[in-house]
Amino acid sequence: MVSSAKKISELSDSEVIARFRLAQEQAYFTILYRRYAPKVFAKCYSMLSDEGMARDATQEIFIKILMNLTKFNEQSSFSTWLYSITYNFCIDIIRKKKKLQLLFTEDVSRIRNDADEDISDSVLLEMKQERLSTILDLLPPGDKAILLMKYIDDLQIKDIAESLNKTESAIKMQIMRAKIKAQSLHDDLYGKDSIADTDL
Amino acid sequence: MNNFQRLIQEREDMCPPELEFQVMREASTLGHFGDMVSLFVLNTMATVVHIVTGGEDPKCLRDKRQRLAAEMDERTWRQPQMHIEPLPENHGTRNWAVPQP
Numbered sequence: 001m002v003s004s005a006k007k008i009s010e011l012s013d014s015e016v017i018a019r020f021r022l023a024q025e026q027a028y029f030t031i032l033y034r035r036y037a038p039k040v041f042a043k044c045y046s047m048l049s050d051e052g053m054a055r056d057a058t059q060e061i062f063i064k065i066l067m068n069l070t071k072f073n074e075q076s077s078f079s080t081w082l083y084s085i086t087y088n089f090c091i092d093i094i095r096k097k098k099k100l101q102l103l104f105t106e107d108v109s110r111i112r113n114d115a116d117e118d119i120s121d122s123v124l125l126e127m128k129q130e131r132l133s134t135i136l137d138l139l140p141p142g143d144k145a146i147l148l149m150k151y152i153d154d155l156q157i158k159d160i161a162e163s164l165n166k167t168e169s170a171i172k173m174q175i176m177r178a179k180i181k182a183q184s185l186h187d188d189l190y191g192k193d194s195i196a197d198t199d200l
Numbered sequence: 001m002n003n004f005q006r007l008i009q010e011r012e013d014m015c016p017p018e019l020e021f022q023v024m025r026e027a028s029t030l031g032h033f034g035d036m037v038s039l040f041v042l043n044t045m046a047t048v049v050h051i052v053t054g055g056e057d058p059k060c061l062r063d064k065r066q067r068l069a070a071e072m073d074e075r076t077w078r079q080p081q082m083h084i085e086p087l088p089e090n091h092g093t094r095n096w097a098v099p100q101p
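Protein sequences, first through last, are from chains A and B.
With the working numbering applied, the first sequence covers 1 to 200.
With the working numbering applied, the second sequence covers 1 to 101.
FYI, nobody ran anything at the bench for these hints, they're computed from the structure.
Please note that a few of the clues may not be correct.
[As the list claims (entries may be wrong)] Listed below are several chain A residues computed to face chain B (Cβ distance under 10 Å; list not exhaustive): (1) P38; (2) K43; (3) R55; (4) F62; (5) I119; (6) S120.
Glycine included, C-beta positions come from ideal geometry on N, C-alpha and C.
If we strip away everything but chain B, and leave its shape as in the complex, we get:
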């Protein structure tokens, strides 16, 4: 090994070990961001285009409307719940224990 190679080897040994943690953390953040973009941004953009241009609902909105329609019963969703469970007997009473001298 010549002196030039030795010099560079010394500099390689100076590479801080904690740098790996920082790089991998940033890489992980970028990965999560990419997942969010692919999950949400594409559907958001399709919705915005639909709002601006009109026309048939994009697939993401059609899917959502079908899910909501299946869950809701139009006759009852506005009416408050009539059956109320009775309160227990000791509801609202407190038993304050008096400390003994």
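Bound conformation, chain A alone:
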């Protein structure tokens, strides 16, 4: 059935959620699923580095969203809320699987001597794609989540901080550490070869 004002597919996330709350019809949940499932899957795959685990995690995350959709208070956008649940869910899986693993890169000075120097965003954004995939898999899960939130989801620092339950200054520091760690891994794996993809 087509809305007289808008097609269902043109409804905003807030409108879809409002209609779902009124009618409790699965069709509205299906709309949200189709909009966000690929993005959630991509994040799960990036965090967990395993397609099967990413698939299971995506399914569980959407069921979790369904169970809590009536409680969503719209203080943030639906996508921010969904991605926050996604990253924390994946971090919890990794934490349970590998109890001793560090979640975040901790001590910058162990990696570089000039730890005060900030690293350009191009370290990540222009890195050759296959190398980026390898390095992303090697980063701690907390670093991966922060980099994905900043450079793919384009979230503000305050939203990232709220999602991961950290302060904004801690997140800024962690972004810098993650970029330094990425560059260090690149140097270890590929030598001092240029990071930038000259095919761009």
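With the hints as your guide, set chain B onto chain A.
Structure of chain B alone, referenced to chain A:
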């Protein structure tokens, strides 16, 4: 689009289409389960509380007793049915057709 975005886009394209069916099936099951809980569990809990604490019948039991009382006639419900329809004439006989050579 930078390489980081391209990498993530490739991973988005890997999302299996059959996953939607699995998610929606689980969502549907949860929906039915929720319907059953609201239909039966609440009344069951009220009945259990009544059994344990006594007192006036809960509404679900009062409604049922009234329905049963309306349907039953105390004088006749124990007595077997007296009027029996006669059996048809060919009841119990079989016509075995002998196959022709």
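Against the structure, test the hints numbered earlier, and report the numbers of the ones violated in rising order. 5 and 6
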